[in-house]
Amino acid sequence: MLYARPRCLDAGEAALTVEFGDSVDPAINARVLALDAALRQSAPPGVLETVPTYRSLMIHYDPLELSRTALVAYVESIEPAPGTGLEPSARWTIPCCYDPALAEDVAIAAQQLALSPERVAQLHASADYRAYMYGFAPGWCYLGGLPAPLAIARRAVPRPPTPPGAVLIGGGLALIGANPMPTGWYVIARTPERLFSLPRDPPFLIEVGDVVRFESIDAATFATLGARAARGEIVARRATLR
Amino acid sequence: MSARLLVRSAGPGVTLQDAGRRGHLRFGVTPAGPMDAGAFAAATVAAGARPDVAAIEVSLGGVELEAQGEAISVAIAGGAFEVRCDGRKLPSACALRLEQGARLSVRPGPAGAWCYIAVGGCFDLPKVLGSLATHTRSQLGGLDGRALRAGDVLPIAHLSTAPASPQQILAPWLARPDAPVRVVLGPQDDYFTSRAIKSFLATTWRVSARSDRMAYGLEGATLEHGKGHDIVSDGVALGAIQVPGDGRPLVLMADRQPTGGYPKIANVIGADIGAVAQLRPGQSLSFAAVSIEEATAARRALRETIAKGAQLVAAPGDLSSEFLLSQNLIGGVSDAGGG
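Protein chains in written order, with my numbering: chain A, 1 to 242; chain B, 1001 to 1339.
Since the hints were made in silico from the structure, they are not lab data.
This structure is a prediction, so every number in the text was calculated from the model and none was measured.
No false leads were slipped in.
EDC-like, lysine to aspartate or glutamate: derived pairs with alpha carbons at most 16 Å apart: (1) B/Lys1227 with B/Asp1190; (2) B/Lys1227 with B/Asp1246; (3) B/Lys1089 with B/Glu1064; (4) B/Lys1127 with B/Asp1144; (5) B/Lys1227 with A/Asp22; (6) B/Lys1127 with A/Asp201.
Just a sample of chain B residues kept apart from chain A, beta carbon distances all over 10 Å, derived: (7) Gly1069; (8) Asp1086; (9) Gln1100; (10) Gly1109; (11) Asp1144; (12) Ala1164; (13) Pro1180; (14) Pro1281.
Think of the CB as a built atom: it goes at the ideal place given N, C-alpha and C, for glycine as much as any other residue.
Required output: the full structure, derived from the provided sequences and hints.
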């Protein structure tokens, strides 16, 4: 639910959480991104860094340069035009290999969802996702828009570190991993793309708010694109929308 | 020969840190940086370095370094660690010139968990995403994104020289009064019962053995959630006190993830987080709630004190004879609690 007025919550004296709602919802996230965009365009001096998440924006600030009162007044003065932040700036097509040899957890996930592994792949590749936020580790991108039949609870016990470029589902959401990490989510595919790569410029690809779609590729294409990505090439496709 | 520090030995958790990796939190990048920013500032400023350069953060594992190539000036500040140069005992906070071949050892002393060794000049290593700060979990920064180990060589550029005789650093902010740690309640204090908030502020907590650069675990009470323990993930600030499902709080430190999905009952204020960092597992602490205005005033006071700078005075001359005497009287026993 979108709140009538945003809540300004203190995370200590040097960070403010501006919360727009209580759920994972594109309209709430749009308000987060609208405030984020306004702050990135013309932040009052003393704003250090912003972190957009599903339903709130964390503003890290220097309280000796910018008082909380002035910051809250600034936040409340930003009245985005209806629809602002809802329009994605880019659409990404992410190559994604659902080959069972790479989809380490698809069998167990499919069983729990009462679907065939092929159906899991089909459904996963059929949706438009919204990049809501990053978290957990560099380049780990959380996506909303997972088809309802794929909603699966997170594991009680984390699985061992993921392979690079893991494509995961869990907690009713989708996720693209970057570097290997242990996780409570299920690996149902892999992408040859690297959402975080050094020293590639830019090191990160997807901006929060972007639309993401997965394109099914076979194992041979995965290998070819993986080799190109290893050379620093961007193998996902980006279309500018506005 | 160019100047460099050879790591002769390093316990676990000794890393290179600068002021931290900024500007990439939105992409899931941990800021890292020093556990005790005040001590880090004391060391870097006393070494004549800019406050944004890197220093070696010494853990309870301790470290031994050797100056190679040229004489290297260093400054050491942090917890009450035991500092020795070629066996000579020095004050815990000191600046000195390491002659070529000199060996500096910094090991845990009577108190404190972290200590900083800054050099006059800077470590000549590549920055990653604008920073040298080591985050071992995501393997970024420092030396190949990992902790230092025996045999590592740290090249130093823009070398500046220090006086030959050791000096003691007098930095008043390094003395931490034995007072409750100040917190601002929230951002999710409404997720807890009023009994849990009271218990949080009344309990004498103990730092658990499950503590590292990412988080310090607290033991002493179980805090009851009023509205469940899962929230929609949101941003996490330095010093956030997160309470997962088991009701046992975690203070999130320099290596925290930039976002998290557990309710945060309170946030340690900026002026006090360094004091929390210097607690060792088993030591106790309690919390007192303050307003944003009080937290900001404490932050201002600390920053002004640090801006006035540290005083450097000649290191007491009798330390080495005192050291020798203690060696004669009690043999190696003084080292028993270290490392």
